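*Asks:* Now for the letters of each chain:
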Amino acid sequence: MAIMAMTLTEKILARASKQTKVLPGDNIWVNADLLMTHDVCGPGTIGVFKKEFGSDAKVWDQEKVVLIPDHYIFTKDARANRNVDILREFALEQNIKYFYDITDLANFKANPDYKGVCHIALAQEGHTRPGEVLFGTDSHTCNAGAFGEFATGIGNTDAAFVMGTGKLLLKVPATMRFTFDGEMPPYLLAKDLILQVIGDIGVAGANYRALEIDGEAIAQMSMEERMTLCNMAIEAGAKNGVIAPDQTTFDYVQARTTKPFYPLYSDPDSEYYYHKHYDVSKLEPVVAKPHSPDNRATVRECSDVRIDRVYIGSCTGGKITDFINAAQLIKGNQVKVPTYLVPATQKVYNDLFTESIDGLSLAEIFLQAGCIEPASPSCAACLGGPQDTFGRLNEPEVCVSTTNRNFPGRMGNKQGQIYLASPFTAAASALTGKITDPRDFM
Amino acid sequence: MSKVIQGLVFVVDNNIDTDQIIPAEYLTLVPSKPDEYEKLGSYAMIGLPDRFGKFMTEGATKTQYPIIIAGENFGCGSSREHAPIALGASGVEVVVAQSYARIFFRNSTATGELYPWESVEKLCDRFVTGQTATLDFDNNQITNDTTGEVFLLKPLGEVAPVIDAGGLFAYARLTGMIPTKS
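Respectively, the protein sequence lines represent chains A and B. The numbering used here numbers the first residue of the first sequence as 1 and each following residue consecutively. The numbering used here numbers the first residue of the second sequence as 1 and each following residue consecutively.
So that you can see chain B by itself, here it is in the shape it has in the complex (with noise of 0.2 Å):
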């Protein structure tokens, strides 16, 4: 099954926090019921200092950018799962960065919310906001379709199959890890 991804890009660069991904303020909000994770997506990246641009048109709830592109160190801070769900929420389907705070990456993968890419070398000053990109799963490597360059990525591996199941919870009934529910 070959999978790619096409999209714009929005370009961050190192250490962007989970209170910039999710301001503290909105996490009344509760994850698990969809009127809330619907508001949560409208609110993703909003604590994002005002020279990256703006992520979300005002009065959006889903984000024209479904590739964020990032340095070093994404999602760092607070254990809070609101981070990849208001990105998924918002449309998000892939973070590539050149490495993850560990919480975040491990929130991405148990609730399948978005695929976090890890690139070999830093990209965020390869990737210009607005360009188009194209990620293509089955080769590991990222294509700028502006500026025609090819970048590598390291494979996802175990990862990969928890997320295209849709989380944790997910995979361990696919793979009857635990029983299906009745």
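So that you can see chain A by itself, here it is in the shape it has in the complex (with noise of 0.2 Å):
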């Protein structure tokens, strides 16, 4: 039987390309069951397609583009303000369904449809789901592994391909897994576990192989926390990320849609490249200090680091869970330095106002203690952006951020000094104007 045995990854490689059998280096043709693209790739993906297939030419399936506006909305900047509309121009000319617009930039709400960040949209819309394979054009699209689907970024080029043809041509990846034994400290947050990951495997220490995530503190964790695991999977420079799914998954996307999955396991007898376990209660909180994701540190290691500012967003760090995290430690406290919120979608915007801690709001609190008000939901200043984004580091300031890069510029300013932490970590942080241990909040 072991000769037949695969891993997660390998057997929803196999099914979408009709194969019973992958091995680690197969060049295969994938079906696609979702290509998800912005405003950033979009207008250059639709570019290649127009010009490899012509400009009559249509999409494979008008079901299957997901197209998300979310990098560079709430901009002057007209290119940017431009690349928007070659979106909604395609998605009119094709009939596209599942488009987020916004046109009403002075005020987000007035956009029913818009979303904001495409890897939370995508969650958040049902568009997540175990077994398939879905391509986007942003790295960090191996959020969507969480749902035991195999997620990955790709190029304008490739995209056009499948734009085009809904195929394309992978070489299946060696499997990685890290498995998490033992219960989640209370003061240990996803963050936390994947800093540690990089840390030790490095930012090139995935290259071209799946990770596989899985063990008893991951059986506990939400939906939210293990995005934020298989988000920073491109981190380790890995292909995919990817969780097996259960009845935490099922119950998130039954909400959610409708349509058929495909849960799929890994054998018992599978091989692995690489297998580590770690004991969760032996764990630190930990950094990733300027600049790079596997610069790691005990946060206590950094405790007389001075900062500028605190940033929570983007994909891997502005979802609603995220913020109730954060909110705990801030609850009741004053912050010492700008505190930037910006929750990822419309949503997780609206679910600030509605969920709770002790009868006040999560928008309260953070008011409260002299946060910066939410601002519109989108990438923001994750990744610099326009100069007029919200949060961007346009001087050479310190700065705590739960995003999930920290080469030189990301932010902006290409001697700004970025700290990525967990949301526990940044509240913290926040509140002392140091790096600071959540733990001395607990």
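None of the hints are false.
Keeping only pairs whose Cα atoms sit at most 25 Å apart, straight-line, the calculated PhoX-like set for lysine-lysine is:
#1 A:Lys414 <-> B:Lys54
#2 A:Lys76 <-> B:Lys39
#3 A:Lys50 <-> B:Lys33
#4 A:Lys347 <-> A:Lys259
#5 A:Lys51 <-> B:Lys33
#6 B:Lys62 <-> A:Lys414
#7 B:Lys39 <-> A:Lys51
#8 A:Lys58 <-> B:Lys33
#9 B:Lys154 <-> A:Lys171
#10 B:Lys33 <-> A:Lys76
#11 A:Lys434 <-> A:Lys331
#12 A:Lys50 <-> B:Lys39
#13 A:Lys167 <-> A:Lys259
#14 A:Lys414 <-> B:Lys39
Covered by chain A, according to a simulated footprint, are these stretches of chain B (three or more residues, beta-carbon under 8 Å):
#15 21–35
#16 72–79
#17 107–114
#18 162–172
Partial pick of chain B residues on the chain A-facing surface, computed with a CB cut under 7 Å:
#19 Asn15
#20 Asp17
#21 Gly47
#22 Pro49
#23 Ala101
#24 Arg102
Keep in mind the hints are simulated off the structure, nothing from the lab. Everything numeric in this text was worked out from a predicted model, so none of it was measured. All residues carry an ideal CB built from backbone N, CA and C; glycine is no exception.
Dock the two chains into a complex; use the hints.
*Replies:* In structure tokens form, the structure reads like this:
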């Protein structure tokens, strides 16, 4: 039997290529279940699609191409605004079913269709489903692996090919497995676990490979925390990150879509390129210091680092769970540095006003503590963006951020120093103006 | 068909990510639009820390360095195809790195913008920006013309003809995988 054994990633790719068995290194044609693109890479993808398939070409499936404006939305940059117009024209011309449009930039609430950050919007709208193959023109597409699917980021040219044919040639990645044993201590979050992994294997440690995450601690985790883990698989160079589906997954998905899905699981005797166990009870809150996501240190080792601002937002750190976690520490205290809040999506924004702790909404908790009013949902300053982007690091400041990258210039200024951290650590640091272990406020 | 590329080298080190190759504020430029393609080229490597020196001369649209020498994991970070395109549009013909981030390598091939050669040993310590190098495609080697040292490269294999043709779509047409445009 062992000869037929496959890992979860191999099983999904075998199904998508109509093979009974695939091996790491096999080059296979994979059928896509979904192609996602956004305002930064969509216009270029559409350009290649029209050039190569013809100006009157049709996408392979109008219900399987999802267009999500999210990167450069609330800006006066004319080219950024034009790029959203290009998506809209294409959506109309092609009769694309899922286009989450925004036309009134002055008030995002006036745009009921507008969602926000694509990776979280995909999940919230029921587009992330076990067993499927998702391609996206964004490296953090791997976020959706949390649902037990194969999800990976691709360039414009590959995306144009998928747009026209519904297929892509892929090499099957070998799987690296990370098992988190034990019960999560109350001061640790998913971000601490994934920064631990990236620090251990490095930013190229999983290049060309799949990263499968499992264990008792993962089984106890919400979907949003699981997304945080898979989101940053790319920060270790991985092709995809994946977590096997369970009842938590099914409950989340079935609440959002009636489409059928295909739960698949690694065979018990499948072969792994690498397997590491962690005892979560022995792990510490960690940060990634400037200027690389693998530059790990424990939060306590950085306790003398003074900071200029805190940023809570993005696909990996701007979900409602992230804000609930931050609010737990901030509640009843005052922040010492400017603290920026950027909900990933319109739903997260609304939830800030309806989710509450001890009778106070999250928004009330943050505002009473002196945080800056929650911004319009988008990718915002996670990747710098146009000069007028909310929260952009325009000066060489030190920022503690719940985002996913801290390479030079990532949030705007080349000399800016970004410390990647969990929402707990970000909140604790906001309260002291120095990098602070969340246990000091628990 | 023998192929040799000779020119000035620009030397960087490990983990040069896509934000350094083309910072996010320039991603509003759409590479499939010819004038914006050229503009992307003029911003190539503008996010690099100053210690590497200037890749583009002030106001220039093309670089004087057709060859980039790098360490490990070149092009890590985002999936933006703008990265190999900015380099190609600036006049870069080859990158010689010890290793690449997967998506950058793939995007370089799919667009045909540049040849992503892999070196056997780390070469960013064996070249200095401004030296001349000769890359010999047939013999899989690069020579530092200043020092006379010769270094082996890993064969490009099936990737070379795709880039020769001008990228994935052009190669597919050339080899009959997809129909020629009428």
